[in-house]
Amino acid sequence: TLEGENVKELKPEKKAENQLVVGVSLSTLNNPFFVSVKEGISDLAKEHDTTVKIVDAQDDSVKQSNDITDLIQQNVDVLLINPVDSFAIAPAVESANQANIPVIAIDRSSESGKLLSLVASNNSEGGKMAGEYLERVSGKKALVGELQGVPGASATRERGKGFEDYAKEHLTVVAKQTANFDRAKGLTVMENMLQSNPEVTAIFAQNDEMALGAIEAIEAAGKKEIKVIGFDGTEDGLKAIKSGKLDATVAQKPTEMGRLALQTAYDFFNLKDVQAKVDSPLELIEKNK
Amino acid sequence: MNILLQGISKAFGENKVLVNVDFDCVGGEVHALMGENGAGKSTLMNILTGLHKKDQGTIFIDGKERYFSNPKEAEEYGISFIHQEMNTWSEMTVLENLFIGKELKNKFGIIQNKKMEALAKSIFEELTIELDLSANVSDLSVGQQQMIEIAKALMTDAKVLIMDEPTAALTEREILALFKIIELLKQKNVAIVYISHRMEEIFQISDRITVMRDGLTVGTMKVAETDVDDVVRKMVGRELSDYYPKKTARIGEVRFEVKNISSKGKFNQVSFAVRSGEIVGFSGLMGAGRTEIMRAIFGIDPIDSGKIYIEKKEVVLKNPSTAILNGVGFLTEDRKSEGLILDFSIEDNISLPSIDGFTVKGIIDEKAEDEFAELLMKRLTVKAQNKDISVGSLSGGNQQKVVLAKWIGIGPKILILDEPTRGVDVGAKREIYQLMNELAERGVAIVMVSSDLPEILGVSDRIIVIHEGKIAGEYPKSEATQENIMKLATGGY
Amino acid sequence: MENSMKKNQLKELLGKLGPVLALLVLMVIVTILNPNFIAPINLLNLLRQVSVNALIAFGMTFVILTGGIDLSVGSTLALSGALVAGMIASGLDPILAMIIGVVIGGVLGAVNGLLITKGKMAPFIATLATMTIYRGATLVYTDGNPITGIGDSFIFKFVGRGYLFNIPVPVILMVMAFVLLYVLLHKMTFGRKTYAIGGNEKASYIAGIKIDKVKTLIYALSGMMASVAGIIITSRLNSAQPTAGQAYEMDAIAAVVLGGTSLSGGKGRIFGTLIGALIIGTLNNGLNLLGVSSFYQQIVKGIVIIIAVLLDRKKK
Amino acid sequence: MENSMKKNQLKELLGKLGPVLALLVLMVIVTILNPNFIAPINLLNLLRQVSVNALIAFGMTFVILTGGIDLSVGSTLALSGALVAGMIASGLDPILAMIIGVVIGGVLGAVNGLLITKGKMAPFIATLATMTIYRGATLVYTDGNPITGIGDSFIFKFVGRGYLFNIPVPVILMVMAFVLLYVLLHKMTFGRKTYAIGGNEKASYIAGIKIDKVKTLIYALSGMMASVAGIIITSRLNSAQPTAGQAYEMDAIAAVVLGGTSLSGGKGRIFGTLIGALIIGTLNNGLNLLGVSSFYQQIVKGIVIIIAVLLDRKKK
Ligand SMILES: Nc1ncnc2c1ncn2[C@@H]1O[C@H](COP(=O)(O)OP(=O)(O)OP(=O)(O)O)[C@@H](O)[C@H]1O
Ligand SMILES: Nc1ncnc2c1ncn2[C@@H]1O[C@H](COP(=O)(O)OP(=O)(O)OP(=O)(O)O)[C@@H](O)[C@H]1O
Ligand SMILES: O[C@@H]1[C@H](O)[C@H](O)CO[C@H]1O
Ligand SMILES: [Mg+2]
Ligand SMILES: [Mg+2]
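Residue numbers (our numbering), protein chains in the order written: chain S, 1 to 289; chain B, 1001 to 1493; chain C, 2001 to 2316; chain R, 3001 to 3316.
Hint data in this document are derived by calculation from the structure and do not stem from the laboratory. Yeah, the Cβ is synthetic: ideal placement off N, Cα and C, and Gly gets one too. Mixed in with the good hints, there may be bad ones.
What the hints assert, rightly or not - Facing chain R, a subset of chain S residues (Cβ under 8 Å, in silico):
#1 P12
#2 L29
#3 N30
#4 R183
#5 A184
#6 L187
#7 T188
#8 V189
#9 Q195
#10 S196
#11 E199
#12 G213
#13 E216
#14 D236
Stated by the list, open to error - Restricting the straight-line Cα-Cα distance to at most 30 Å, the calculated cross-link-like pairs of lysine-lysine (DSS-like) are:
#15 K1259(B) x K2267(C)
#16 K3157(R) x K1072(B)
#17 K2202(C) x K1318(B)
#18 K3202(R) x K1115(B)
#19 K2267(C) x K1367(B)
#20 K141(S) x K224(S)
#21 K1266(B) x K2187(C)
#22 K2210(C) x K1318(B)
Produce the entire structure from the sequences given, and follow the hints as far as they go.
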C-alpha cells in the first residue's frame, strides 16, 4: 500500500479556539521573513489561547516531510504548512489528507493533495511589479541586474518569471546571479556584478536581504545612482527605505500572512466558509512616499 | 650523579610489568641492563624519567628522594633518555629536531637560528658527525637519525644518560664512534645506563650488568666476574647450549632465481639463486641496499630491468599480492609499521595473507581459520593468553613470531626474512633459527638479510655480500669468516 | 585470571552495548515526557525517518573504517535522484531507471575512490571537491528546478511511500541493506580487508591486499548507498530536489561515530552505526514531539553528541 | 652531493612556488578573458572579498598543522558577530564590544580545544558538535532575525567598510594578521611546537611540549580569527546575520590545502594559505566577471581544486 491513499472527505467539527492544537511547519527560521510569519501565527494564537507546535525544516524537504509526520503523530487538529518546495511537499500533504487533518499552505502552494486553503501573495505578480517600478524610475532602456534567490525555490522561480516576462519588452536584463536570499552573498555578488557589468543602472533583488547586501556594495563603489528594489518588506528592508538607502520593495505582509493562515483555521473550526485562496496583499513601498 | 631505584613495582592493568625491582648506576660507570623482550627494561627507565608513574618504590638521586612528572623535567635535572623507539620529526630539519622544546630565543621570543646552528656544529664536531643541518630528517638513514638522537641527548649536558638499544640501527663505524663518546662521557663522570640485546658490545663497554626477567631483577654482576653463558642463563632462566641449532635439511633443486635485476639509484644487476632447503644469508653494511632488493623482488617497489624465475618459470611479481600467489613470503625489517596490524588479534594477523583461502561460498569459515591460527601459534610457541588478544600487547619477540606464523601460513616456497631477529632476545632468537631449519627441511628456499654477522655465519648455508647496491661476492658457509665478509661489505679495504 | 577474563569480557560487552544503552536511555526519557513516542505507529514513523540517514551511514561506515571520509554523499544522493527522476519522466521503465541510478551512484563513488587511490588525494579534499562538482552537476541538470512529472508508476512510489505488512518500504530496505552489509563486513573477506586497511595500510599491502581495489569498491559502495537513499527521497517527495541531501554527510558521519567507530579507521561495527542513526533519529523525532524549538534542538543535538562520545571514551 | 643538494633546493622552491604559479596562471587566464579583472579597483575588491576567508584560514592553518580540523569556525563567526552587534546595539562602546567579541571567539575556540585535549575527542566530531551548538546559540540569541541598529559608530563602520590610504581596512587587517601569525609560526617557539605536535605527537610530549596547552591555544586562535572575520562581516553588512558563515569552514580548509598544507599535519606554510585563499577568491571573482552561471561555477571550482592538488602531488 502507499501512504496518502484512501482520503476521506473533510468534515469540520466545531471546536473552540482554545481547544485547538495547531501544527506549524515552516521552511526555515533562518530568514527574517519566515520568522515574521511565525510571529504572526503565534501572536494570534496567544490572543485566543490556542496551542501551536512549530517545527522548522531548515530548508530541507525531507526534514519537512519528517516534521509533518511527527506533527500528525501528535494528533494536531490542523496543519499550517509553509513548504520548502511546492512539489516536494505534496506527499506530506497527502498523508495529512489521509489522516483527516486539514492543511493550510502559507506562502508557497502544494502541487497535489488537498489544501483547505492557500495563503500567499502572488509572487509572479510581485516580480512584475518590480519590473514596472524599475521601468518607471530608470526608464525603458534601463540596464538591469537581477539577484536571484535559492536556486529551485518556488519564490525564485515565480518572481524570476514574473519579472523577466515583463522585462522582455520593457527593460534589458544584463546580468543574473544567484545570491541565495542571503545578505552576505548579496554583497559579494553585487561587488562582482559592478566589476563585470559596470553599466547596470538598476537592480532587482528577489528579496530584501539580498537587496540590503547589494546596497552596501553599491554605496562602497560610490554608485548611488543605481536604483535597487527588493522584495518582502521585512523590518530591515522598510527601515532602509525610510532612511533612503533602499529605493523600493515589493512588500509582502509576512506577519499578516501568518495571522491570515491561522484565522482561516479558526474559521474552519467555527464552521464558516473558507476560501481556497486567500491573497495576502502585496504592496509596492517606495522611498519618500 | 648517582641514581638508585628501590623496590619499583608497576602494572599496566592486569599486566605486572615490574615487581620490586632494584637498580642503581653511579657516575663514571656504564651499567648494562639486559633481559628478554618484555622483561621491563624500557618501562623501568620510563619510570625513572617520569614518562610512566610507578605503583610502588622509591627513587633516590644523589641520595635524595626525587621524582619527575615528565621527561622534560628529568632532562632539565640532568637525566637524558635516548629512547628505543625513535623520537624524531621526519618533516623537520636536523637543526629543528635537535632543538625541539629548547630553542634558543631572544628577548622578543624570536628563535635564534644562527646561534643554534653554531651550537649544533660544535656538538657534531665533537661526535664526528657529518650532517647537513638543513636536511629533512626523512631523507636520512635510520643510523643517521639515531646519531641525531644521541647528539640531542649530549647537548643537554646530561649527568645521567640512558641509551635504550642505541646500536640497533647503527653501522659498524657509527658504533665505534658511539663507543668513543661513551668512553669520553665516562671520563667526565657521567652515569650511563645501557640497554642492548647485543652480547658482544655489552661485554666490550660495560662495567656492570643487571639482568631482568619477567619484571624481576635476577642479579647484578661486575663484567669481569661473569661471562656470556652466565648472562644468557640468567636471562632465559635455563641453560642455552647452542645458539645456532644444527641444520640438517637436504639442499635440492633451484627454486628461485633472479637475473640481473636493477633499480636506478638503488641496486644494479643483481643475480642470485636459492635452492630448496637452502638458507642464503645476505650481509652488507647498513644502507647497502639489501632491503631495497628484497622489496623490489616482492613487488613492493618497481624493478627497472631483470627477470625473476620460480621453479624455472619466469614470473612477474608486480605487487605483493602476485608474489604471495606465487608462493613468496616476505618478513619485513620493520615489524610494527609493515608487519603487523597492532589492533588486530593474533589470529586475524596470522590469517591475513591467506584469508581468501578460508572462504566457503564467499563466507569466511571461522572454524577452519581458528584451527589454522591455533596450530601455527602452537608451532611457533607464541606466548599469549589466547589467539584473540591484540598483537599490540605482545612482547617484541612474540610479535615477531606472529609475523613469521603468518608467512608460514601461506605455505611459502620461498621465504624472504629481512632482519628476522632485530630487537629479539636470545631465547626467542634461537627458536626462530630452529623454525627456519624446520622450514628448510620442508624444502622452503630461504633468504635471510641480517646485519648481525655472527647470526649470518651461524645460520646460512651460503652468504652473499652486498656493497653499494651490487653483489660484492659470496662465500659458502665453510669459507666464510667475519673478516672476509667485512672486507667485501666495505668494498674490499 | 579467570576473574580478569570475565571482567574483560564484561568491559567489551559494555563497550559494544554503550551506544545501545545511550539509545535506550534516550528513548525512556522521551517516552516519560511524551508517551506518544512509544506508540508503534510513531516508532515505525521514526524508523522511516531514520532509514535515509542509516543507509548513507552504512556505506560511510566502510569508508571510515579504512580511515577515509566521504563528504560527497549528499550531492551524490541529489544527482542520482535527479537522474532517476529525469529518466522516469522521459519515459524509461522505473525499475530500469532505479537500477541505472544505483549504478550511477556507484560510479560517482568510484570516482572518489580513484582520486583517493590513484590520485593519492586526501579523502577529505577529494570528496569535498566532488561534493561541489556533483552538486553543480545536479543544478545544471535540473536547471535549479525540481524534477516533477515522475508519473504514476506504482513501483516507484512504493519505494519511498509504500508499506509491506504495515512496515514502510524504506525501513525494509534499510533492514535488508543492514543484513547484507553486516555479512559483507563481518563474515566475508572484503570486510576483513576493510578493517586491515584501516588498521595498517602498509602492512595490509604487504600481506597481499589490493588496497586500491578495495578502497575504490568501498567508495563505490558509499555512492551506491547514497543513491538508494536518493531514490527513496525522490519517491517520498514525488519529485527530485536539486538541493536534496545538503549537509547529510554530517549526519551520516555523526551516526557512524556515535556508533563507536573510530575516525582514524580500523575499529568499529556496522551495528553501532545503526544504533547511532537511531540515536540521531530519536533525537530529531523526540525533540519535535516534545515541542522543543528548532533553535534549541540544534544545541541539544550537539550536546548529546558530545556527551555520547565522551561517555564512550571514558569507558575505554 | 652538491648537485643533488641544489636539485633538492630547486624542488623545494618549486614546491613552495607551486601554489603561486597556479594563482598566476589563473589570474592571467581570467585577465585575457576579461581585462576588467586586472583593474586595481577590482583587485582591491578581490582582496577585500578574500580577507574574510583568509583570516579564518590563517587560524585553520595552525589547527591543520597539528593534524586537527575546525568545523565550527562558521558558527563561531556568526555567534561572535551577533554578540558584538548585540552589545553595540545595547549601547556598549564599540571598541570594547569588539575586544569582548574577539575574546568570546577565543573562548569558543578554547572549548573546542578542551573537548579535543581533555575530552580526547576527535577534532572532526568535537567541532562538528560545537558547530551545531554555536549555530543554535546564535539563532536563539538573535531569534532568527538579523541584529540591526548598530548605530553610527565610525570606528565600527571603519572595520568593515573603511579605507586607509585607499586600501580597504579588512585587507589591512588581513595583512597585519598574516605578518603576526607568520612570525608566530615561523619565528617563534609556539610555531615550532605546532609543527612538532603535528609531526610526531608522542615525541613532542617526551620533548616536554605541553600538548594540551598548545592545542587549546591553537583552537582558541582559530576561534579568535573567526570572530575577527565575524566582526568584519557584521560591519560590512551593517547588521549581524544569524546565518552568516555557513559552510565557511569548507572554503577555509580548501584554502589551507590548496596552499600545500597537509591534512595529516606537520607540513605546510601560512604563506601557502594566503595564496590558497587568493586562488579561491580569484575563482569566485573571476567566474563572476566572466558571467559563468553559478551552477557551472561549482563544477569549475571543484575541478580546479582537484587539479591543483593533483599537480601538487605529482611534483613530489
Ligand atoms: N604503555 C604500555 N601499556 C601497556 N603495557 C605496556 C606499556 N608499555 C609496556 N608495556 C608492557 O610492559 C612489558 C614490559 O615492556 P618493556 O617495553 O619495558 O620491555 P623491554 O624489557 O624494554 O623489552 P624490549 O627488549 O622488547 O624492548 C611488556 O609486556 C609490554 O607489553
Ligand atoms: N624510506 C626511505 N627513505 C629514504 N631513503 C631510504 C629509505 N629506506 C632506505 N633508504 C636508503 O636507501 C639505501 C638502501 O637502504 P636499505 O634499507 O635497502 O639498506 P639495507 O642494506 O637493507 O640496510 P638496512 O639494514 O639499514 O635495512 C640507503 O641509503 C638508505 O638510507
Ligand atoms: O517569500 C519568501 C521570502 O521572500 C523570503 O525572503 C525567501 O523565500 C520566499 O518564499
Ligand atoms: Mg624496550
Ligand atoms: Mg635493511
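Against chain R, is E216(S) within 8 Å by beta-carbon distance? Holds: closest Cβ of chain R sits about 6 Å from E216(S), inside 8 Å.
A184(S) as chain R interface residue, shortest Cβ-Cβ below 8 Å: Hint on A184(S): holds, closest Cβ of chain R at ~6 Å, below 8 Å.
Compare the distance between the alpha carbons of K2267(C) and K1367(B) with 30 Å, and conclude whether the hinted pair is satisfied. Holds, at roughly 23 Å.
Let me know if the C-beta of N30(S) comes in closer than 8 Å to any C-beta of chain R, holds or violated. For N30(S), the interface hint holds, since the closest Cβ of chain R sits about 5 Å away, which is under 8 Å.
Once the shortest beta carbon distance from L29(S) to chain R is found, is it less than 8 Å? 4 Å, holds
Need the status of pair K141(S), K224(S): alpha-carbon distance at most 30 Å? With Cα atoms ~19 Å apart, K141(S) and K224(S) stay inside 30 Å; holds.
Verify the interface restraint on R183(S): the C-beta must sit less than 8 Å from at least one C-beta of chain R. This interface hint holds because 5 Å falls under the 8 Å limit.
Would the pair K1266(B) and K2187(C) pass a check requiring their Cα atoms to be no farther apart than 30 Å? 42 Å, violated
Using 8 Å as the Cβ threshold, decide whether V189(S) counts as touching chain R. 7 Å, holds
Per the CB criterion, is S196(S) less than 8 Å away from chain R? At 4 Å from the nearest chain R Cβ, S196(S) passes the 8 Å test, so the hint holds.
Is the interface hint satisfied for T188(S)? The criterion is a beta-carbon contact with chain R at less than 8 Å. Since the shortest Cβ distance to chain R is 6 Å, the answer is holds.
Regarding the pair K2202(C) and K1318(B), is the alpha-carbon distance no greater than 30 Å? 16 Å, holds
Violated hints, in rising order: 1, 11, 15, 16 and 21; the structure is consistent with all others.
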